[in-house]
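Asker: Protein chains in written order, with the working numbering: chain D, 1 to 109; chain Y, 1 to 127; chain G, 1 to 135.
Check the hints yourself; a few may be wrong.
Said to hold, decoys possible - Below, a sample of chain D positions facing chain G; criterion: calculated Cβ distance under 10 Å:
(1) 5
(2) 7
(3) 9
(4) 54
(5) 78
(6) 80
(7) 83
(8) 88
(9) 91
(10) 96
(11) 97
(12) 99
(13) 104
(14) 108
Note that these hints are calculated values from the structure, not bench results. All figures in this text were calculated on a predicted structure; none of them were measured in a lab. Just so you know, even glycine gets a beta-carbon here, dropped at the ideal spot from N, CA and C.
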Amino acid sequence: MANYVLVESRDPFEYQDAQAFYDLARDLTKAGNKVTFYLVQNGVIPARRGCRFERVAELAQAGVSVIADDFSLRERAIPTGKLHDKVTVSNVDALVDLLMQDGTKAIWH
Amino acid sequence: MAKTLSIVECAYRGTIEEQDDTVLWFNQAMVNAGFEVDVLLRGNAVNYAVRGQDVSGLRFGAASLDNPPHIDKDVEWFQAKNRTVYVVAEDLADRGIDRAELVEPVKVVPRAEVARIVTGYDRVYNW
Amino acid sequence: MARKTLSVLLMDPPYESNNTPTALRVIDAALRKGHNVNVFAYEGAVALTLKGQAPHPNPVKGTTVEQQQHPTPKDWIAALMKSVQGDQKIDWINCGLCVDERGAGDWIEGARRGSPADFAKMADASNQTLVIATR
Chain D
1 MANYVLVESR DPFEYQDAQA FYDLARDLTK AGNKVTFYLV QNGVIPARRG CRFERVAELA
61 QAGVSVIADD FSLRERAIPT GKLHDKVTVS NVDALVDLLM QDGTKAIWH
Chain Y
1 MAKTLSIVEC AYRGTIEEQD DTVLWFNQAM VNAGFEVDVL LRGNAVNYAV RGQDVSGLRF
61 GAASLDNPPH IDKDVEWFQA KNRTVYVVAE DLADRGIDRA ELVEPVKVVP RAEVARIVTG
121 YDRVYNW
Chain G
1 MARKTLSVLL MDPPYESNNT PTALRVIDAA LRKGHNVNVF AYEGAVALTL KGQAPHPNPV
61 KGTTVEQQQH PTPKDWIAAL MKSVQGDQKI DWINCGLCVD ERGAGDWIEG ARRGSPADFA
121 KMADASNQTL VIATR
């Protein structure tokens, strides 16, 4: 089984296509792959607790590691305390480490 | 050689100024350079597989578009080069596109198959 | 230890997308971590390295050019190119046909002209490749 880093830069309220990317993360995990879902730019918007788009929680429950980019959160004044409790905050340095791990496939949406 | 899947979602962006879809064109260039690239059309880009897309006759003053894009032919091009073009079935259905309207022989696949298809490639680019 | 290589394809022109600063953040992080980086600028992204980009005053805020302290994207990219250490490399390729159709050939030192085949070769020789497409 493979290691995937899926970077979601789009928010599902603006881009319906984001749903397909969430589907991909879920389905790759169901198939036994290790998936990290890194939210960046407007992609962090659904990480807010109480957001009507609830698929961040669905992914985390399915075993996906959901990470929100600290810079993108700060840019949008989303404090850590307002995030869904299954979302981890990290940074671009850590993203690069994830991307550069041997055997990792990366997809940017 | 590594196998690449290009997932194409965005459609009709810059296609008239460029006289091509720049993403399909880029992938054609990679195929021409000998690389193994397949294409998966989803979202609005499923419309790229519809036969008969036509923007001929466009003009601005005396400047006319004499070489319009023929994106359906570009989709067929991949087949002629023995590359696979997948099209997501539900995205066709969502848009009311009948399979009989499509160029042949694209491979219509259910949305639930996309993850399995992705795992079969060394690199996946989402355009 | 041999350096790893990250290749990134960009499509957005300057000032039009949140993708640009994010991509530069990733490139910056990769360089700071000692990786080699290749960048293939496609479509509007060929304008990122245009030499003629110039900062401007801000009449809404009432600030002068000097007060604005506004590096343009080409300045950021030049700084990234300067930041490489030892044998580390950053290779910035502008898609030649995209350059021609935009008249965008006057770029900063360090960038070069190329084609989609160059991107495919870069990707083949890299440890990781990101395509950051436009919308």
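Asker: Should the interface hint for residue 99(D) be scored as holding, given a Cβ-Cβ cut-off of 10 Å against chain G?
Answerer: holds (5 Å)
Asker: Double-check residue 83(D) for me: the hint is only fine if its C-beta lies closer than 10 Å to a C-beta in chain G.
Answerer: violated (19 Å)
Asker: Does the nearest C-beta of chain G fall within a distance shorter than 10 Å of the C-beta of residue 88(D)?
Answerer: Since the shortest Cβ distance to chain G is 18 Å, the answer is violated.
Asker: Per the CB criterion, is residue 7(D) less than 10 Å away from chain G?
Answerer: Holds. Min distance 8 Å.
Asker: Hint validation: residue 96(D) versus chain G, beta carbon distance must be below 10 Å. Holds or violated?
Answerer: holds (4 Å)
Asker: Against chain G, run the beta carbon of residue 78(D) and see if the smallest gap drops under 10 Å.
Answerer: violated (15 Å)
Asker: Would you check whether residue 9(D) satisfies its interface hint, that is, whether its CB is within less than 10 Å of any CB in chain G?
Answerer: Because about 7 Å separates residue 9(D) from the closest Cβ in chain G, which is inside the 10 Å limit, the hint holds.
Asker: May I ask you to test the interface hint for residue 80(D) with respect to chain G, counting a Cβ-Cβ separation under 10 Å as satisfied?
Answerer: violated (19 Å)
Asker: Does the interface hint hold: is residue 54(D) within less than 10 Å of chain G, judged Cβ to Cβ?
Answerer: Violated, because the Cβ-Cβ distance from residue 54(D) to chain G comes to roughly 24 Å (cut-off 10 Å).
Asker: Return the status of the interface hint for residue 104(D): holds when the least beta-carbon distance to chain G is below 10 Å, violated otherwise.
Answerer: Nearest chain G Cβ about 7 Å off; hint holds.
Asker: With a cut-off of 10 Å, does the beta carbon of residue 108(D) approach a beta carbon of chain G closely enough for the hint to hold?
Answerer: Since chain G brings a Cβ to about 5 Å from residue 108(D), closer than 10 Å, the hint holds.
Asker: Does residue 5(D) hold up as a contact with chain G if the rule is Cβ-Cβ below 10 Å?
Answerer: Result: holds, 9 Å to nearest chain G Cβ.
Hints 4, 5, 6, 7 and 8 from the earlier list are contradicted by this structure; the remaining hints agree with it.
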